[in-house]
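Enquirer: Sequence:
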Amino acid sequence: MMAMAIHLFKVGALTLLLVLGVSAFHTAPHNCRRSCLCLSSQQASETSQDAQVFSLAKPMGLVLEEVEEGKASGVSIVDINPDGSAGRIGEIQKGMRLLAVNGQDCTSCTFDEVMDKLIAADGEVQVTLQSSSPKQTLVVPDAIQPLEAPKEKVEPPPEGPFEVIVLNGEEKRVLTIQAGANLRKELLANGVEVYAGMAKLTNCNGGGQCGTCAVEVVAGEGLGPARSEWEEGKLRGRPGSHRLACMNTVAGPVSVRVKPSKK
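Just so we're aligned: the sequence shown equals residues -24 to -1, 1 to 239 in mature numbering (1 follows the signal peptide of the UniProt record, and there is no 0).
Treat the hints as calculated values from the structure; they're not laboratory data. No incorrect hints appear here.
When the alpha-carbon atoms are kept at most 25 Å apart in a straight line, the in silico DSS-like pairs for lysine-lysine are as follows:
{"hint": "1", "residue 1": "Lys235", "residue 2": "Lys176"}
{"hint": "2", "residue 1": "Lys148", "residue 2": "Lys176"}
{"hint": "3", "residue 1": "Lys238", "residue 2": "Lys148"}
{"hint": "4", "residue 1": "Lys148", "residue 2": "Lys161"}
{"hint": "5", "residue 1": "Lys47", "residue 2": "Lys93"}
{"hint": "6", "residue 1": "Lys210", "residue 2": "Lys176"}
{"hint": "7", "residue 1": "Lys161", "residue 2": "Lys210"}
{"hint": "8", "residue 1": "Lys148", "residue 2": "Lys239"}
{"hint": "9", "residue 1": "Lys176", "residue 2": "Lys239"}
{"hint": "10", "residue 1": "Lys210", "residue 2": "Lys238"}
{"hint": "11", "residue 1": "Lys70", "residue 2": "Lys93"}
{"hint": "12", "residue 1": "Lys210", "residue 2": "Lys235"}
{"hint": "13", "residue 1": "Lys148", "residue 2": "Lys235"}
{"hint": "14", "residue 1": "Lys70", "residue 2": "Lys47"}
{"hint": "15", "residue 1": "Lys238", "residue 2": "Lys161"}
{"hint": "16", "residue 1": "Lys161", "residue 2": "Lys235"}
{"hint": "17", "residue 1": "Lys238", "residue 2": "Lys176"}
{"hint": "18", "residue 1": "Lys239", "residue 2": "Lys210"}
{"hint": "19", "residue 1": "Lys161", "residue 2": "Lys176"}
Work the whole structure out from these sequences, hints included.
Expert: Quick look at the structure:
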């Protein structure tokens, strides 16, 4: 088999590369060093972080260029000949940087030093290449603490007792009722007439079924800011200020009117 040798000739602004047995011709500006590596193809690749090692037979078909012009910073791939072993593999891409040849670091070599290593390599050449877009490594801490939602400040419930003003027609009474006490029971216990007419006999005895113990909240929020869904059903058609005495507990100062008009 004919021995393969490489000769570089500079003619004006041209760099000419001849490979005995296989020839290639490449032109480049005089101040930009490039070479076509035309130095039967089996691939064996392994990955280390973002670098890959390829086993390439000659001719490789790689066109190389200095990473930094005129500096000993290694070379990168600027073109790939599809007829070379690199082209047939399909995984090698333009822009990859040549890190090592047969395990020898090339990242701080000049263009000529890299070429010498490639030319001197016998048989298949182990080339270590790095992608032009290195993989990013995400460092995950051993334990991730979930973010806690800001806790809403909860005010402690008022302790009481509270002043409850009761209006019954022209009559006005002021009662002192403990926090959490049922309004209906406290009104009846203090002699306040909660029911009107036949409701005195037919009421549900505080079961929340008849709706006849309704009171009107005149002032204050001692019964809460709004009616419950159950109250809404039993007090349908009545003003929003009407509440069921049997379904509410005292939680603050409030003024109520007993036996209010339904309208």
